[in-house]
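Peer 1: One line per chain: the protein sequences are L and E, in this order.
Reading the first sequence from the start, the letters are residues 52 to 132 in my numbering.
Reading the second sequence from the start, the letters are residues 407 to 1158 in my numbering.
Derived from the structure by calculation, the hints contain no laboratory data.
Bear in mind that the values here come from a model prediction, so they are computed numbers and not experimental data.
Treat the hints loosely; a few may be bogus.
[Unchecked claim] Think about it this way: if two alpha-carbon atoms lie no more than 27 angstroms apart in a straight line, the pair counts; the simulated DSSO-like pairs of lysine-lysine are:
| no. | chain 1 | residue 1 | chain 2 | residue 2 |
| --- | --- | --- | --- | --- |
| 1 | L | K54 | L | K130 |
| 2 | E | K814 | L | K54 |
| 3 | L | K130 | E | K814 |
| 4 | E | K533 | E | K794 |
| 5 | L | K54 | L | K93 |
| 6 | E | K473 | E | K533 |
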Amino acid sequence: MVKVRLWGSLAEMTDGRTEVEVEAGTLRELLDALARDHPGLKPQLDRGVSVSIDGRVYNDAWFTPIAPDSEVVLLRRLKGG
Amino acid sequence: MALDDRDTATKLDFKVVGTRPPRPDGIDKVTGRARFGADMTAPGMLTGRVLRSPHPHARIRSIDASKAEALPGVKAVVTRADFPAEVPEDVADVLDNCMAGDKALYDGHAVAAVAANSAAVARKALKLIEVDYEPLPHVTDVDAAMAPDAPVLHEAGGDETVPEGHSRNVMSRVQFGHGDIDAGLAQADRVIERSYRTAATHQGYIEPHACLASAGPDGQADLWCCTQGQYMVRDTCAAILGLSQGQLRVTASEIGGGFGGKTTVFLEPVALALSRKAGRPVKMVMSRAEVLRASGPTSSSSVDVRLGMTRDGRITAGFAELRYQGGAYPGSPVDMGSMSAFAPYDLENVRTVGWDVVTNRPKAAAYRAPGAPMAAFAVESAIDELSKELGLDPLDVRLKNAAREGTKASYGPTFPAIGLEATLEAARAHPHWSAPLGENQGRGVACGFWFNFGGNTCVSLNVAPDGTVTLSEGNPDIGGSRASMTMMAAEELGIPYDRVRTVITDTGSLGVNDVTDGSRVTFAVGLATIEAARAAKREMCRRAAMIWGIDEEAVVWEDGAARPSGPNAGEHPPMSLAEIAAIAPNTGGPIAGHHEVNAEGAGVSFATHMVDTEVDRDTGAVKILRYTVFQDAGKAVHPDYVEGQFQGGAAQGIGWALNEEYIYGDDGVLQNPGFLDYRVPVASDLPMIEPVILEIPNPGHPYGVRGVGETSIVPPLAAIANAVSAAAGVRMTQLPMSPPRVLAAIHGADDG
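Just chain L, with the same shape it has in the complex:
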């Protein structure tokens, strides 16, 4: 199981939990599991998120490996200028 930290306002979609656990070994499995296990997150997941894995930010690379002890944090989809 991977612990996933949510940003504050997302916790309102997970009954107030700021951290959830899902079964995932890759970024794709993580996003699928979050949408399946926590349907309240789905609107935001559909709009797009960035994911910090051990301090580095990923957007789309499905097969980025995630270890059980990885630090995983959901972030708003990053926008640059």
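We have chain L already, so just place chain E on it with the hints.
Peer 2: This is chain E only, laid out in the frame that chain L set:
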């Protein structure tokens, strides 16, 4: 590609990287030979012009273009009715911004467009288009737009994150942070509570938006335009117009600045629609007034901060509530501001709440570290004020609270190795920090944080028969990427800089490249360039091995040549790149290397700025006396450009802090759509801005490169506000600090 898959051995000895060769676009730009968006022409070309709403908010009851269409020389008129009724959700607002639907949502909103034989006819035709408007109440201020009785732009209102009872102009709400703010504030010896406001500012690129579109009846289309991303233009226009991406070829022109403002489309779908209808190429060029009224700006903001500090300078809690208006559609960068506001600091108790609000203003576009400068202005001003009240050195306070490796960032993740402390230490050691100040002069410092991106990238490197090299990349060069890619290719191949030329290709020539944004190009395209060069080197080693009749594993590439290596390789004279290229037809055909990657996992970036100002107490005018930028570049590939990015960010920040401002009248109409009344800093306003490059290698890039393009605009607003506040003897909490506002503050303080 995950970071762990990369060759993370950072190269440290360079022959080309780190030098300052002449820029490859220099001659073109100083002689006028460079072709910008408005320089493109085509046989039979028509001139396109846009009719724009004079109302900030109005229902469009009807549009009658029959008189315009009947005018001799007019070849096409388009309105929203000429675009598909249904488009994919992710481009619906983009289309509505390019061409209004049921309502005009801001002064300058496009409502119709014509294509005619000449600009004069096109202008005349615009006057013949009859639009029946029903003016509606409008709102342009972010706080006013949040009021329960504010005029509503979009009946549907915000998304599921907006609590009940809020104005429907609130589109979303975000919250970040950890700890307990009240408990943290209770531990403080002093607590400050302040509100800050910043005005909307424009990216202020010199080159207005321009494009030339040619769409045929066969579904094929070509578009030339100034943009930060030709693939974004292709995909967006294809989605809006129902074209296939492969049939629309987009070529990016030379670009006269973007700063984020050219990461979307404005004219391009309209020009394509006109061309399709007229059956002729159509060129469109915005005037400066159109640029200011209908493209670009960044959000204006209203931010409340609460900050607690102990007597010895430890920040016990930081809270900020940020309200950004992003113009007429959702998507202000308040989420980025909320994530970055306290990111430079290691705080136990931190929270930010962000509100994305719509108003009757042009849709905000990205602007260099979108959302972060306004947040930093508020937080860094509060830290400065509290430090001074407690008699503490503002650099010491920042160092005491600085985020470092292992800090849990205010937006969630734990930082890996980062360079903030290095910039603060460099600032403290710099002679600027201890230089004397005169009467009415003040010094300010501030820190800034920004994310850097990677993203989809595709490059191709081709070796010509004479041994010169062409590198094709798909990202418009807004900050020197042709120079830096040329240098990285030359470095890797072991050949001189002038043996490589880098070109920016059209969308048909390479796979997808994400927009030039997020400070991503030197990092991600550089990484792909190095990998493409390595692929070409492997191929050239293989060709040499064939010639020598040895295993390719027994060949290495050193100093621009293949060389036999190892005990069984035998004695062979090295074969240079030019020698291998010359016989390529005999050894298997042309030599090329290419690399395609989604280069994710970029690191973050920090900067510290220091500025001295002088305030004229009679006029309120502020003079920038001295300015120093300290920023980590990882590895400066071409230091001139890195310094230019540092200086450019500071210069834009100076404009944002002191003068630049979208001014709306009570009628909701923009009062200053021109560079006479919207004042950007000019050379005579600025001292030489001193850039101090720190080089802490980024382990995620083979040469240690870090993006540098955006972070430099994050600290200036606060650094200058802190300096002006010190010089004026009164705290400035609203931007711009224009002469009337500074004078009023001085008088207010004197009266008080």
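Peer 1: All hints, please: hold or fail.
Peer 2: Quick rundown of the hints versus the structure:
1. A distance of roughly 25 angstroms separates the Cα atoms of K54 (chain L) and K130 (chain L); the hinted pair therefore holds under the 27 angstroms criterion.
2. Straight-line distance between C-alpha atoms of K814 (chain E) and K54 (chain L) comes to about 15 angstroms, which keeps the hinted pair within the 27 angstroms bound.
3. A C-alpha spacing of about 22 angstroms is found between K130 (chain L) and K814 (chain E), which places the hinted pair at or below 27 angstroms, so the restraint holds.
4. Pair hint K533 (chain E) plus K794 (chain E) does not hold up; C-alpha atoms about 59 angstroms apart against a cutoff of 27 angstroms.
5. Straight-line distance between C-alpha atoms of K54 (chain L) and K93 (chain L) comes to about 18 angstroms, which keeps the hinted pair within the 27 angstroms bound.
6. Restraint check for K473 (chain E) and K533 (chain E): satisfied, since their Cα atoms lie roughly 9 angstroms apart, inside the 27 angstroms limit.
This entry does not satisfy hint 4, going by the numbered hints stated previously; all others are met.
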